[in-house]
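Residues per chain are reported as follows:
10 protein chains.
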Amino acid sequence: MDFLVQINVRLPPDTPPERREELVAAEAVRARELAAKGAIFRLWRMPGRWSNVGIWRAADATELHDAISSLPLYPWLDVEVTPLARHPNDPGPL
Amino acid sequence: MDFLVQINVRLPPDTPPERREELVAAEAVRARELAAKGAIFRLWRMPGRWSNVGIWRAADATELHDAISSLPLYPWLDVEVTPLARHPNDPGPL
Amino acid sequence: MDFLVQINVRLPPDTPPERREELVAAEAVRARELAAKGAIFRLWRMPGRWSNVGIWRAADATELHDAISSLPLYPWLDVEVTPLARHPNDPGPL
Amino acid sequence: MDFLVQINVRLPPDTPPERREELVAAEAVRARELAAKGAIFRLWRMPGRWSNVGIWRAADATELHDAISSLPLYPWLDVEVTPLARHPNDPGPL
Amino acid sequence: MDFLVQINVRLPPDTPPERREELVAAEAVRARELAAKGAIFRLWRMPGRWSNVGIWRAADATELHDAISSLPLYPWLDVEVTPLARHPNDPGPL
Amino acid sequence: MDFLVQINVRLPPDTPPERREELVAAEAVRARELAAKGAIFRLWRMPGRWSNVGIWRAADATELHDAISSLPLYPWLDVEVTPLARHPNDPGPL
Amino acid sequence: MDFLVQINVRLPPDTPPERREELVAAEAVRARELAAKGAIFRLWRMPGRWSNVGIWRAADATELHDAISSLPLYPWLDVEVTPLARHPNDPGPL
Amino acid sequence: MDFLVQINVRLPPDTPPERREELVAAEAVRARELAAKGAIFRLWRMPGRWSNVGIWRAADATELHDAISSLPLYPWLDVEVTPLARHPNDPGPL
Amino acid sequence: MDFLVQINVRLPPDTPPERREELVAAEAVRARELAAKGAIFRLWRMPGRWSNVGIWRAADATELHDAISSLPLYPWLDVEVTPLARHPNDPGPL
Amino acid sequence: MDFLVQINVRLPPDTPPERREELVAAEAVRARELAAKGAIFRLWRMPGRWSNVGIWRAADATELHDAISSLPLYPWLDVEVTPLARHPNDPGPL
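Going line by line, the protein sequences match chains A, B, C, D, E, F, G, H, I and J. For the first sequence, numbering that gives the first Met the number 0 assigns the number 93 to the last residue and increments by one with no breaks. For the second sequence, numbering that gives the first Met the number 0 assigns the number 93 to the last residue and increments by one with no breaks. For the third sequence, numbering that gives the first Met the number 0 assigns the number 93 to the last residue and increments by one with no breaks. For the fourth sequence, numbering that gives the first Met the number 0 assigns the number 93 to the last residue and increments by one with no breaks. For the fifth sequence, numbering that gives the first Met the number 0 assigns the number 93 to the last residue and increments by one with no breaks. For the sixth sequence, numbering that gives the first Met the number 0 assigns the number 93 to the last residue and increments by one with no breaks. For the seventh sequence, numbering that gives the first Met the number 0 assigns the number 93 to the last residue and increments by one with no breaks. For the eighth sequence, numbering that gives the first Met the number 0 assigns the number 93 to the last residue and increments by one with no breaks. For the ninth sequence, numbering that gives the first Met the number 0 assigns the number 93 to the last residue and increments by one with no breaks. For the tenth sequence, numbering that gives the first Met the number 0 assigns the number 93 to the last residue and increments by one with no breaks.
Honestly, I wouldn't trust all of these hints.
To be verified - A few chain F residues facing chain E, derived, Cβ under 8 Å:
{"#": "1", "residue": "Ala27"}
{"#": "2", "residue": "Arg44"}
{"#": "3", "residue": "Pro46"}
{"#": "4", "residue": "Leu72"}
{"#": "5", "residue": "His86"}
{"#": "6", "residue": "Asn88"}
{"#": "7", "residue": "Asp89"}
{"#": "8", "residue": "Pro90"}
The set of hints was computed from the structure by calculation and includes no laboratory data. Glycine included, every Cβ here is placed at the ideal spot set by N, Cα and C.
All chains, full assembly: derive it from the sequences and hints.
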């Protein structure tokens, strides 16, 4: 099942640069793992914000929660999840 | 360039069934044409609503407007467009 | 998978009484069928409104959409769906 | 009487891990007590958030307030309460 | 149990005057009955609007819904209900 | 003149317990004084929140402001005031 | 006592022009009467909208309601009232 | 003085096509006149909506209102005006 | 040109009392100067809040910004500005 | 392609003055560079707020994100981006 997941990162601007870089690097590693497992299908950045929009895949909301909450930045994320149903006019995954 | 496009269809519930079916059928035809041209990349339904979420592609906002406004249901659509930038952790189009 | 489904009925107040009663009766029949199939688990009314809150069950968002859109009042419903994950402190279905 | 209770936990992300674990453990103990007393009927997690949706039971709003405010995380909770009335199409508690 | 009930009346401005007066008169009769039964405790008008704020009393949300939905203007009401708990600093009903 | 006054208390959760108890005790004393003077007519708690809803009485908005701003917790209060007019169907103060 | 009153006029655009002019003319006559009585102190238009912002004066919310609801366009008005208290830095009415 | 003006056109979708074309053509003529007078400086379309964003110029809000309300579609416009001040980093009108 | 200016003061409640009194005193001095110059025409307090509503006068938005940003509390102000146009039914400045 | 970019600066009021001046000066330098490159076309201040509205130009949302995130104040900016399409009635860039 697909989910539209909108994420705003609320890490305080005064976070020490090393801590921030460490978290961002760990986030990239975990995102690659989630992509490899098929949990993250696509990811885009919202311009001008530390925010992203993604298409995530999971068996259900519990599996989706486990995937999102495994992100190193999770404690600072403001996440909005929209469940997605198949649309008859979808061109399909190609 | 990719755009997140959220569409609510506001066709009045008391529209005559034949008119409604005619519009929905024409919409499906036009959606397939837009998919074939690469303007609509993916489309999902929001459960319980006459609403969809899609990933659209266009050279710019003008081309996107031309694509959306070519839909037969356009006069009844409530459309919200979010421009999307590349994200370094995007698994890519595969 | 469980979903929290909040529904507002927007049937116009000037709908002829017979038409309204016919729709409400058909809605009750279909709701019983959905309950028997396990699609509707629980349903409550929001006091003072023609609105309800329910716990629905479906394999995924597509099956949920099919269940909701099978309701006779569907064209007049304003529906909001929240996907639900298991909570470690849930007393369980008893 | 049933209530729909939506809870967001606003514990700051920089809370020391031991303090956080202590609070979460105490919360689980108290939630089990409230479930045993019949105050919490069902509880779900909202995916991607430190938030839950629950069906609570209490004689009235005063008893409900006493139950919610007995949670160890109460000072950090953002709580929204919706009173629920019986719905004629409710499949019932089974 | 007390409830704060905020009501906006959405009767269309082009309702024929006789129909409107008839409904308003019937509403006043029913409000007096509900006051006599103790269902409506206090009622105020919001200045400049066809809206009111009231303190209602009912055993639970189901009894409250029955009281509100017995109003002749009910099909045109937009109602918001807030459950109220006892406050230790309340001067009391005097 | 009556006013509907909705108050959220925003005292930070990490306020030292003695400071908090001191403020809450002083608040109760001042609330009793305001009730004795007829400034606070009724007060209810919103369940699950550090919030209350009250019916206040004052000659005008200036007198109301003086009453509210005399509360010891005033610097931490988020207050919303709605002026109330007489309603023809009000059962009255009994 | 002063009130900030914001008014949006919701007269449908397809109202017959004569009916509209008649209502607007009657509104101007009544506004002059309310100004002469001291009920309307100042009135401004919000640019680009059929909306106005005014400073009204009344003994209380009941008298204010009577003044606003005496406007010929009242059935089509969407009105928001904010009670105003004296400010120590106010230059005064001059 | 510059103003940011955001306009949504609310002409009903069931307006007869000739009436609609007539209004749109008259709107274009009047927009050109306002541009020639310097009242409209720039105008963009919001993609997917019958909406535009513009930079308008006027001596004050009264002159701006006169310009906007001279548009043939004015009765169906939902207009939001933001006054603009000079910014020290503005590249200037070139 | 007149502007409706709504101001919320967000000075943290834990600001040292001397600092707070110093700022409030300086604010009163500057407000008197702005009133004397004709920049502030009228000012009211919103009851129960550290907020005010004012009618300000300036040649344009740039002059208005200079006036507002000259207030000693400016760094803590949350300000909303509405441009005002002349209304044909305005009783006038008397 | 043009974008409407609305920016609120959320730098805490208690930022040391030298740090603040340093950031504002660096911001002005970078804004001039972005204007010289054609990334910022026009910029206005919203009166009474540390906020601006601008017309930005970029090949796509990715290039726009790179431009905005190159601002020295970026970690403290709250940014909202609206993609803009050509409007047939636009007077043009002159």
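Taking the hints in turn, this is what the structure says about them:
no. : hint  : result
1   : Ala27 : holds (6 Å)
2   : Arg44 : holds (4 Å)
3   : Pro46 : holds (5 Å)
4   : Leu72 : violated (11 Å)
5   : His86 : holds (4 Å)
6   : Asn88 : holds (4 Å)
7   : Asp89 : holds (4 Å)
8   : Pro90 : holds (4 Å)
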